[in-house]
Amino acid sequence: MPTVHSPHQSLTYSLIASGLQKSYGDTHALDGFDLRVAAGSIHGLLGPNGAGKSTAVSALCTLIDVDDGSATVAGLDIRSSGKQVRERIGLVGQAAALDDILGGRQNLVMFGRLFGLRSSAARARADELLHQFGLTDAAERPVSTYSGGMRRRLDIAASLIRTPAVLFLDEPTTGLDPRGRNEVWRAVRQIAESGTTVLLTTQHLDEADQLADRISVMNHGRVIAEGTPKQLKRRLGGGRIEVMLEDGTRLTEAARLLGEALGTTAVVDDYSRTVTLEVPPGGTGLMSVVRVLDGAALTADDIALRRPTLDEVFLALTDMPPAASVADSSPDSADRTAESADNKETP
Amino acid sequence: MTTTQDVEPELRRSNALRESWIITQRDLLHWVRQPAGPIFNLLFSIMLLLMFGFLFGGAIEVPGGGDYISFLLPGMLTLAMLFGLESTMLAMTTDAAKGITNRFRSMPISSSAIVLGRSGADMASSVLGLAVLFGGGLLIGWQISGEVGAVVLAVFLLLWLRFALLWVGIFLGLRFRGAGATAAIQVLVWPVGFLSNLFVAPETMPGWLGAVAEWNPISATATAARELFGNPTGSMGGILADNAVLMAALWPLVITLVFLPLSARAYRKLRA
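Taken in sequence, the protein lines are chains F and Y. Under the numbering used here, the letters of the first sequence match residues 1 to 347, in that order. Under the numbering used here, the letters of the second sequence match residues 1 to 272, in that order.
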């Protein structure tokens, strides 16, 4: 792995991309894409549909040729050392790339042998991975009978047969229910603990927040912001606390008390009996709210902390809407859309 | 969590033939784990055989005389080779849609292995299909009077046609990936199969139609197989009939020479 000396620090990067360009006709899927991922870290690539996340992953995995720019993966040039790159990476694409008819173990043994393991070694490795991902009991069942989360875990297991230096996860939780999503998150953390560098694409801020050491926000084929989740959230502002009061006549009083306590302006909506407060990130806003309400003998029907949504991230970073709608068919993002609609401030 | 990062077992060097065989084995395992599909396909070809042999066969006269069942069998064997095209295309499109093709492509394996593995599996499936039709044919009175060498050559020519059509299927599967394209091919193989001499001698058709049927590449294989098995050819002669074996060797060669490079190109274009 190359050591890159910058004026300030020396860091080992598993992944360096600079100025990657890729066009399909008039569409610039990658338009000056730059990325640096420190070895052993989890890096989130956050962006809406059509931002170019998958194209970036395909290019770094040597599945597609780039028009211009350069990149190294595990210190190897993607253009001149494609095969060596493929020896050091694992790819978990958007579709669970598994054979449905075969069992979980058969899938892993097949991929293991293709990775160059002898049959006996491939079987041993398959059993090990099945155990690691909690799939031993389902090992013989055809993959078509697996739940979404199980398929994803097997998919990830298949990409770990040779313990890759860099693992690419392209929207690994899309289409999973919350339980499946948690299973995948746990697996990703385990992988990073073992020293593999992870590049994860996602449309969901909270997913990047949960998993990533650093996040690159992507739009229109390039990275528009980069930082730790904390840094990004600081740029975005923390979020909002919404307090729905039982007694609609005391809204103004509550707004004044809460605004003073949190040092922010409170917005009142009479119709929904709600006071909305902008809060800084990582603060103790909720605690203060509870304390104030308690002290003033105000009863709340509901108190909610609203995190910034991806839409808001993009508005904050670009002052323009994302390249395409972030809404997809998963119930999760439908909730999110509803949530951001709810968030619209009422004058 | 258990990791085996430090235990990197001894690895074999990338070897296209070994990798192709592993990918072929995957399809063979499909037969074992889910035999319903292949069995249905085999039953379908037996059903067609019985339908033509007995339902229509009685009304069909072979020009130049001869038993219709013995005329029909080489045609049915050829049809099975043609239908194989669909399964090749379907397998290619399914793997592409599921991301399996991309997973293979992201692995350090020879790119030809992905296609050769498909070929191996499809050829194996075609050998099985031929064997079942052979058995079915013999049971309903198919007479083989050709010499052993000729019979072996006939089987070889049938598989040679299948090999050529493999590349058509791979090309179509790489190039047209939607489910609609596969459905279109499943419909289109029928006119290609029927506009031939597989079931009825072209002599009995209107002149222009007979010419189309005679020049249909798969007709060459059927005629050659009829000659080599010692079955009635239903043909009154002519340049194609007189050089049937040569034509059955040439047509698939032409198809392969056209579609193998096209497949390779379509495969490279996945990187575009």
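Hints listed in this document are in silico derivations from the structure and should not be mistaken for laboratory results. There may be inaccurate statements among the hints.
Mimicking EDC-like on lysine to aspartate or glutamate, the simulated pairs with C-alpha atoms at most 16 angstroms apart in a straight line are [as the list claims (entries may be wrong)]:
(1) Y:K269 to F:D67
(2) F:K83 to F:D65
(3) F:K230 to F:D209
(4) F:K230 to F:E253
(5) Y:K269 to F:D213
(6) Y:K98 to F:D100
(7) F:K230 to F:D213
Evaluation of the provided hints:
no. : hint             : result
1   : Y:K269 to F:D67  : 14 angstroms, holds
2   : F:K83 to F:D65   : 13 angstroms, holds
3   : F:K230 to F:D209 : 8 angstroms, holds
4   : F:K230 to F:E253 : 33 angstroms, violated
5   : Y:K269 to F:D213 : 36 angstroms, violated
6   : Y:K98 to F:D100  : 10 angstroms, holds
7   : F:K230 to F:D213 : 10 angstroms, holds
Checked against the numbered hints listed earlier, the structure breaks hints 4 and 5; every other hint is satisfied.
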